[in-house]
Amino acid sequence: MHCLKLIPLNWLRAAAVLAALTAAVAPSTLLAQEPATGLNPSSQELLDRGDELLLRGSYLAAIEVLSRVNDEFFQDQADLGLSRAHMETGQYAQAEAVLQRALDEPADHPELATRLAELYVMTGRSRQAEVVLAEVIDGQLNPPVRTLVQTGLVLALRGDRDAADVHFNAALARYDGGMVFESADVAMVAVAARQLDEFHDANALFSEAVRLDGNNIEALVLWGNLFQEKFNDQDAQTNYNEALEINRRYAPALVGLARIGSPERNLSRALEANSRNVAALQTFGELMIRNGREEEGLGFLRQALDINPESIPALATLAARAAMNDDMDEFEDLRARVNAFSPESASFYASIAEFLGNNYRFTEAVEYARRAIDRDPRNWHAHTVLGGNLVRLGEESEGKRHLEQAFDNDPFNVLTSNMLQVFDVLEEYATLESEHFRVNMSQRDAQVLWPYMEPLLEESWDRLVAKYRFEPEVPVVIQVFERTEDFAVRSVGLPDIGPLVGICFGKVVTLISPDTLSANWQEIVWHELVHVFTLQMTQNRMPRWLSEGISTWEERQGRPEWGRRQGLDLIRAVQQDRLLPVGNLNDGFTGANSNADLSFAYFQSYLVVEYIAEQYGFEDLLALIHEYAEIKDESDMFANVFGVDMDTFDAGFRAWIEQRVADINVYVHAEDSPDEGEGHGHGVRENSSAILAELYNNESLKQYMQGRVQREPRDFQAHLQLGIVLFREEAYNDAISHLRTAHELLPDYTGYPSPSLVLAQVYEAMGNEAAKREQLAIMLENQQHDFAAPVELAEHALQVGDLDQADYYVDRALAVNPYRPEIHRLGAELASRQGDTGRTVQAYEVLLTLDQSDPVAARTDLARAYLENSQRDEARMTVLRALETAPTYERAQQILLQAVESPEGD
Amino acid sequence: MNTTANRIACWLLASALWQVAPAMQAQSADDESMPWFQQDAGTNKYAVIVTGAAASADIAERFRRWTRDLHSTLRDDYGYDGDNIRILIDEGQPLDGLTVSASSRVDDIADTLSTLQTEVDAGDQLSLFMIGHGSGTFGDAKFNNVGPDMTGADLASMLAGFTEQDIVIINTTSASFEFSRELSALGRVVVSATRSPSERYDPIFAGYMIAGLQDHTADLDRNGRVSILELFNYASGRVAGWYDEQGRLATENAVLDDTGDGLFSREPGATQADGLLAEIAYVDVIVPEAEKTSPQARALRVDMQGLEREIFILRNQKQNYLEDDYWRRLEALLIDLATRTRTYNALP
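Order-wise, the sequence lines are chains A and B.
Going letter by letter, the first sequence gives residues 24 to 929 in the numbering used here.
Going letter by letter, the second sequence gives residues 605 to 952 in the numbering used here.
For the record, the hints were derived by calculation from the structure and aren't laboratory data.
Keep in mind it's a predicted model, so treat the numbers as computed, not measured.
Built from N, CA and C at the ideal position, the CB exists for glycine as well.
A few of these clues could be false.
Unchecked claim - Derived CB-CB ranges, DEER-like:
id: 1; chain 1: B; residue 1: Asp-673; chain 2: A; residue 2: Glu-717; range: 32 to 42 Å
id: 2; chain 1: B; residue 1: Asp-865; chain 2: A; residue 2: Glu-221; range: 33 to 43 Å
id: 3; chain 1: A; residue 1: Arg-895; chain 2: B; residue 2: Leu-926; range: 16 to 26 Å
id: 4; chain 1: B; residue 1: Asp-929; chain 2: A; residue 2: Thr-908; range: 15 to 25 Å
id: 5; chain 1: B; residue 1: Ile-917; chain 2: A; residue 2: Glu-924; range: 23 to 33 Å
id: 6; chain 1: B; residue 1: Tyr-805; chain 2: A; residue 2: Glu-287; range: 40 to 50 Å
id: 7; chain 1: A; residue 1: Glu-421; chain 2: B; residue 2: Ala-854; range: 55 to 65 Å
id: 8; chain 1: B; residue 1: Asp-865; chain 2: A; residue 2: Asp-877; range: 23 to 33 Å
id: 9; chain 1: A; residue 1: Gly-824; chain 2: B; residue 2: Asp-865; range: 56 to 66 Å
id: 10; chain 1: B; residue 1: Leu-926; chain 2: A; residue 2: Gly-824; range: 43 to 53 Å
Extracted from the complex, chain A is given alone in its bound form (with noise of 0.2 Å):
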């Protein structure tokens, strides 16, 4: 762990940092002038000042000062410096003409001839590094430190494991003999101990190296790397943090934090300080492809590989695209390279599978990480992967396999231990399995919810069999986490998953189990099970926003309450222009910066979806689907289905959409925020300015919103708080009537509150029963998250003996909430008015996990209805539990008795 380093401040310190502060403005020349102890200063000072003014990133003035430094004894000093400063800004030709210009004989200034090396390595010449180190390891007797290390990691990228291993072990042993004592070179045997896998040595070392000299910013920025490999993100951040307090510039700390946050702003410092650094340039085109800007993001790759062709890196991303693309002549000349100095590297096939898999490409993925642990076995980060990507195929066992290989041999890797502890997990979950599906969820959830989910899940399957004209592979595997950590690692290896309630991976489902959701849970269910036909339909080669959109469609396809209404939502993007080109809709998953801008991500493709079926009808969807499966141009794919090209085919979607805004012909006024809920549209949506006038509502705010209402009588909102404004005031009538004109004019308005539900209210509190119940039912039309009013709706059903509306209340009820013991009672009751003792016992078996308050009188209920199932066995067991807690219990005791005699006719 970090220990706070203290930093000598000196006159030294002083000066550097107010020559930092002022480095982006100040001439040079200013910037290297000496501090006031002298007008000659001598080389000594020259290269002090020169190292300080580059530690703390005054790059320019460290050069200049630098350059000034004239004197044998400390001129290779000062020309590592000075080749440090042209590295750290990208002039990578400056500085090995520093380098070479000093160099006569490597083996007589090995730290320079090092330094070269290292510069060879970084504008991809490899093999000359090879060289150079190795003349001077053979010239000298007790090779540096760094340059032992330096030529394990060339031998290491060139494919020469055991050779490389030889110099790490050196390097090691020096230190083991005591003879490692600058902190510089305590971080090169902390690199050799990583590449050794001597994890925690490596980060013990590197600790040593930080407390030796706080300064050493490589030290903090290697050490980083280190957490971040094993992604400890918090460790790693405190790390490049550090580093960059001493030189805001190092463009290596800030790639670092880029991976863990703000990528595009830290990306940008980098660049700015180093515009040629590789790491930087590779990271960003990295970050551009996946955010589905390709052309900039294979620009920035480029760049790189200008500078290094040798980047692996960089080469496996574009490898991993055009694998993605099925272009393999495009794949095998990037091998090829790849292959000329590094051959059959380990990490470029590790780096394939993890894009590959990062890109829900899970089996090509496998088929990656299977070469790279070919090639390299003790590559634990293949093994990871591989792991993670067998898992996310359903290869459980042989995934939990490799999981295990690699924590064994890479203890540190959080993402690792956290898959292995959700393995733990599962071990006490149940596995429950229907025709299709094999399910994995808590014990309680096995007892509460499977017994509604297996009747959905078969349904579903049925249904969308029949409609898609596809079966997927069986079983398909759902897991239902109770902890929405276990479900974020399950899904994505790391417990923060952001809004996400449930992932399909093509034949893996994961889901958050209902019971910590205030949500549909059926609809979630049906969702993601709609991803499983497109995702396996196109081999998860669909894009996420079409995915995304019929898995959203067929929600309203499902059930008749199920879907997004996002009307106001439509209307306001439309005003501001936020809709996204056709061609581009995969941005707004991408570069989505808030939950609202995810929510609309969703809708806005279940527009397009909706578009295509109302316009062209299902077979030309079905038809485009199929499409995906093959790698095309996704303008060819619309224009082989629709046969228009991508631009006609979005303006006839804004066409359509511009009439769908005139349909809704409501008011929006600009003042009025959007409605916002969590679980990216699955879930309530809450309408803040209305809950605030719930909450405050006052003369002001009455009079504000009648003067919208007469600008403005299409104004749903004004309508809508000016309602809740009068029913606070008791204005009852007045309310009804701004209610009702809310309603009117966005019926399927969907937000809380909604004008039906605060009717519903205003009619409670005059006393009107029935009109409040029937704006309930109208509510729940088109509100599928909520609980209390089809509970409400059930019991009164159930008082006035219609079972079939009670059936479907307490069906609505259960479709959001099978946690609560008075839907089960209720549902108890209806089964057994309808004479359904089946589903009576399935009720009385619910209530039993539920409801721990009474178990003699629920085991009981229990009992009974298993005698009238005719589940003798079952009664009996039942009803002795009770009578051991309670042997005296009548009602028991006679439930036993019919239990234990003969049945009439026996």
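Following the hints, put chain B in place on chain A, whose structure we already have.
Frame of chain A; chain B shown alone:
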């Protein structure tokens, strides 16, 4: 020497015998070998409800409501003679037409208990319910009443004279633990709404305790009576559920001691050190059953009581049997009991 094991064995027997045993007097606390709570229809039950000072008007109203509800429940549902319930509240102000005996000042509590001591007979049961705020740290716990606060040691000394009665103390105040610990004694059942001095927020235990009493809701074994153990389990379970539902860390955890060792249990019961005495300590006043007239019925009644006894013994020795064997034996006894109960009910 009387060991805990001996006492437990004694209570096991007592729990099995309590219905069939002839009238037995509660024993002197000096005679540890004799069981307690051996009650019959001749046993009188007394309740003293001590309600302390409240920190605000809202809280005062809540304390008054609890006091009122507890009084009416004991009187109406549990067979307590109104004269046997003493209310000592705050300044002694009237409480909705109920007879308030005195204030809850220390002196008034002492006087009331002293007077009561002269009224009770050997074997009677005295239940002391404490409602209000408590405070304190280790060794200095207090019940917040008007005037000088009362310590656990003060109350222990006031109760010291009830040597021949069965004592139940239910302290529902905040930081009640240290106070309650002072009251532990052999043969007593002591319930504390909190388990440590740090649990100093006003507990909700009293509300759930009264809810458990109302309509005999806490009668989990369906025998028509509510034992202190049942009441404790009901209320503490509800409290835990409330905190769980609120998504809050529980700031109160009720505990019970009925072995007199001052070591309280959070989950008293058959497998715990505490709970066996609380299981036979009933809140209800025992009402004489309407006697069946036929000799057959009287004989059957004896048989049924014997069967119950066997069931209790078997249940308390569950861990000594293999699972299947246990259930087979229990089923046989239960079928026998159910059959006899059916026959008994049909007899005149």
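Hints and how they fare:
no., hint, in the structure
1, B:Asp-673 - A:Glu-717: 32 to 42 Å, "holds (34 Å)"
2, B:Asp-865 - A:Glu-221: 33 to 43 Å, "violated (55 Å)"
3, A:Arg-895 - B:Leu-926: 16 to 26 Å, "holds (24 Å)"
4, B:Asp-929 - A:Thr-908: 15 to 25 Å, "holds (19 Å)"
5, B:Ile-917 - A:Glu-924: 23 to 33 Å, "holds (27 Å)"
6, B:Tyr-805 - A:Glu-287: 40 to 50 Å, "holds (48 Å)"
7, A:Glu-421 - B:Ala-854: 55 to 65 Å, "violated (44 Å)"
8, B:Asp-865 - A:Asp-877: 23 to 33 Å, "holds (32 Å)"
9, A:Gly-824 - B:Asp-865: 56 to 66 Å, "holds (59 Å)"
10, B:Leu-926 - A:Gly-824: 43 to 53 Å, "holds (50 Å)"
Comparing the model with each earlier hint shows violations of hints 2 and 7; every other hint is respected.
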